[in-house]
Each structure stands twice: as structure tokens, then as C-alpha cells.
Amino acid sequence: MKQLVALALLGCLLALIAASPLRASELNPTLEELEAEVMCPTCEAPLNRSHAPAADRIRAFITSRIERGDSKTEIKEQLVLEFGERVLASPSRSGVNTILWALPLVGIVGAGFLVYLLIRRSYRARAVRAALSGDGLDPTLERRIDDELSRFDRS
Amino acid sequence: MGRRTKLGLQLAVVATIGLVVLLLGWRLVGIDRGRHIPSDIAQGKRPATPDFVLPRLDQEGMLQLSSLRGTTVILNFWASWCAPCRDEASVLQAAWKRYEAENVVVLGINTEDLSGDARDFIERFGLTYPNVRDVDGRTPIDFGLSAVPETYVVNAQGRLVHHVLGPVEEDDVAAGLELAAHSSSASPKAAGP
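Protein chains in written order, with the numbering used here: chain A, 1 to 155; chain B, 1 to 193.
Worth flagging that the hints you see were computed from the coordinates, not collected in a lab.
Treat the hints with care, since some could be wrong.
As the list claims (entries may be wrong) - Derived DEER-like restraints, expressed as beta-carbon distance ranges:
1. Ser-66(B) with Pro-53(A): 29 to 37 Å
2. Ala-60(A) with Gln-59(B): 51 to 59 Å
3. Lys-6(B) with Ser-90(A): 32 to 40 Å
4. Ile-17(B) with Leu-141(A): 40 to 48 Å
5. Ile-17(B) with Leu-10(A): 39 to 47 Å
6. Gly-25(B) with Phe-113(A): 44 to 52 Å
7. Asp-120(B) with Arg-68(A): 34 to 42 Å
What the hints assert, rightly or not - Restricting the straight-line Cα-Cα distance to at most 25 Å, the calculated cross-link-like pairs of lysine to any residue (SDA-like) are:
8. Lys-76(A) with Gly-137(B)
9. Lys-72(A) with Ala-36(A)
10. Lys-6(B) with Ala-36(A)
11. Lys-72(A) with Asp-117(B)
12. Lys-6(B) with Lys-72(A)
13. Lys-76(A) with Arg-56(B)
14. Lys-72(A) with His-36(B)
15. Lys-6(B) with Val-128(A)
Stated by the list, open to error - Quick look at which bits of chain B chain A covers, simulated, 3 or more residues with Cβ under 8 Å:
16. 13-22
17. 104-115
From the three backbone atoms N, C-alpha and C, an ideal C-beta is built for every residue, glycine too.
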């Protein structure tokens, strides 16, 4: 029990350590961070890879918002109001976009399940082959079967 | 594994792949939907004008393009960061003043821009014609836009009769209005619905 409590506490501590930079980034975002998360609407590339005039204007907008003390979420929300969802490098996790986030996960789980089925099938086929050929059977199992058969014969 | 489970699994895999292909196809078709418009106009066809309802930039409310049916519309796509758009602003303002009484409307569509910058632009160049704002980038795709500035002339029947790639000049305006007047009186040579 004590070990469980200790593990839970350690988990909470690790979560706190991991969350603190995220929180700092949310409250005090930098232009560099947002440049990687925001797209230039004219060239369909992240801001940090664009020198288009529209990208320059968005950079200036972000800088002014950071100076005003806006959080990362507030700045992104404002940009979505100005340009729509396409301005975000990663789609939001709501509405139809949920499918976009869920599909890779579904794919990975599905692929894992298929691999499991294939492995199981191959083991079964191998076991059937071994049983038919009569060799490769575990000696303990073979002894047990013989015991059971002789007991059956006696009764 | 039972036969039914196996069949269900196979169906699920096929359905997922089908869904992904469908989504990709839908996205590709969507991106290309207005691409034919500039070439149709260049070939002398008069494609139907894609309709839109967009928020006004110069005042409150929305504007639907089809509500201007019966008037000739000079439709100008622009952005405040675009240098050629600054060059043509005075030409469009002059056209608005000159042809306003002749049932001609100049309509600006601000796109890929910050609304604050766009309002500053309108004020700086003293534009008094109506301006709307495209937020999600759909209207430029509907019109097959490749860059700003681009200008279309819509005749009174709602058909696109003229297209100018790059900054518009007085001659372009005059040519577009002549085509609009001619196409409105002549029998329609329409392309598409």
C-alpha cells in the first residue's frame, strides 16, 4: 500500500515537472514558438519558414499581442478569428477535426491487432503441424497425455 | 477467430481506407473548384459568378453578391500588404465615383489580411466603395484566384465577363464595363449553371 502511495506521489511530481514549462509557454509565449505553430495563409508554410509580406504582418501582430501580455491561446484564437482554422499548423481537437486526431490512433491500434492476429495464427499453424508430424511435442505434455489415456483405458 | 469477427475486421479496414481516400479526394476537388474560371473568361465564355455572403469591412452587416444582380459589379480582390493593391486603389476609387450613377458597383474583397490593417488601408486611400472581408479563404478558391490583386467584372445577369490579373488600370475598367454592357444586351453565351 505504501509503495502504491509513493508511486502515485512520484507520478504527480513528474506530471507537475512536465507541466510547468508548458504553463510558462502558455502564459508567456515567444514569437519563435508561435512562428512554428502558425501558418502563413498565402504560402501554406509555417511562419518560421516564410518571408511573404503576409507572414511579416502576422509576425508583427503576434509581437504586439505578446507585448500586451496575451497568452498563447488568446493569440491563436485571435488569429483564427482573422484567418480561420487554416492559420493553425495543427488543427484544433474539436468538431470534425477530432477525426483527424483519432484516425492515426485507430490505425495504430488496428495495425497492432492485425499483427497480434497474424502471430497467433502462425503459432497455431505451427502447433498443428507439429502435432500432425508427431514430433516437437513437449515431453511433459506427452507424458501427461499418456497418463490420461491409460487412466481412461483402465476406467 | 470466428468467421464473422474476421469479416467484420476486414470490413472495418476497408471502410477506414475508403474514408481516408474519400476525404483526400474531397479536399483535392475543393482546392480546384474555381480554377477553370479565369481560362473560361479568356476563351470568351461567361461563367456563372460564385455567390458569397461576407461580412462588411467598411460598416456593420453582411453583403451577398447575388443581391447586386441587375447591376454591373467590378469585383476586386486585395490585401493591405500587397504593393500593387496600393497602386490600383486610386483607379478603383475613381471608377466608383465615375460610374456609380451608371448602375455600376465597385466591390472590394479583402483576403488573407488582418482586419485592422485592412481598415487602415481603406482609410489611408480614402476608399468609399463597399468592401467585404473573406476570412476562411473560400471565396478566392471559388473564383480561381492565383494572387492578389485580381479583378473580375460581373454583368447584370450575374455572369463573369472580364478578368484582370494584377493591378487594374483605367483601360481595364473601361474594357470590362464595355464587355458587361455588350453581354447584357446580347444573347447570353453562358458557361456552366
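Hints and how they fare:
1. Ser-66(B) with Pro-53(A): 29 to 37 Å: Holds - the Cβ-Cβ distance for Ser-66(B) and Pro-53(A), about 32 Å, lies within 29 to 37 Å.
2. Ala-60(A) with Gln-59(B): 51 to 59 Å: This hint is violated: roughly 26 Å between Cβ atoms.
3. Lys-6(B) with Ser-90(A): 32 to 40 Å: Holds: the Cβ-Cβ distance is about 36 Å, inside 32 to 40 Å.
4. Ile-17(B) with Leu-141(A): 40 to 48 Å: Given about 42 Å between the Cβ atoms, the range holds.
5. Ile-17(B) with Leu-10(A): 39 to 47 Å: Holds - the Cβ-Cβ distance for Ile-17(B) and Leu-10(A), about 43 Å, lies within 39 to 47 Å.
6. Gly-25(B) with Phe-113(A): 44 to 52 Å: 27 Å, violated
7. Asp-120(B) with Arg-68(A): 34 to 42 Å: 18 Å, violated
8. Lys-76(A) with Gly-137(B): 17 Å, holds
9. Lys-72(A) with Ala-36(A): The hint holds at about 12 Å.
10. Lys-6(B) with Ala-36(A): 44 Å, violated
11. Lys-72(A) with Asp-117(B): Between Lys-72(A) and Asp-117(B) the Cα gap is close to 21 Å, so the pair holds against 25 Å.
12. Lys-6(B) with Lys-72(A): 47 Å, violated
13. Lys-76(A) with Arg-56(B): It holds: about 23 Å lies between the C-alpha atoms, which stays within 25 Å.
14. Lys-72(A) with His-36(B): Given that 25 Å is the threshold and the Cα spacing comes to 40 Å, the pair is violated.
15. Lys-6(B) with Val-128(A): 20 Å, holds
16. 13-22: Answer holds; 3 residues pass the 8 Å Cβ test.
17. 104-115: holds (count 4)
When the structure is compared with the earlier hints, violations turn up for hints 2, 6, 7, 10, 12 and 14 and for no others.
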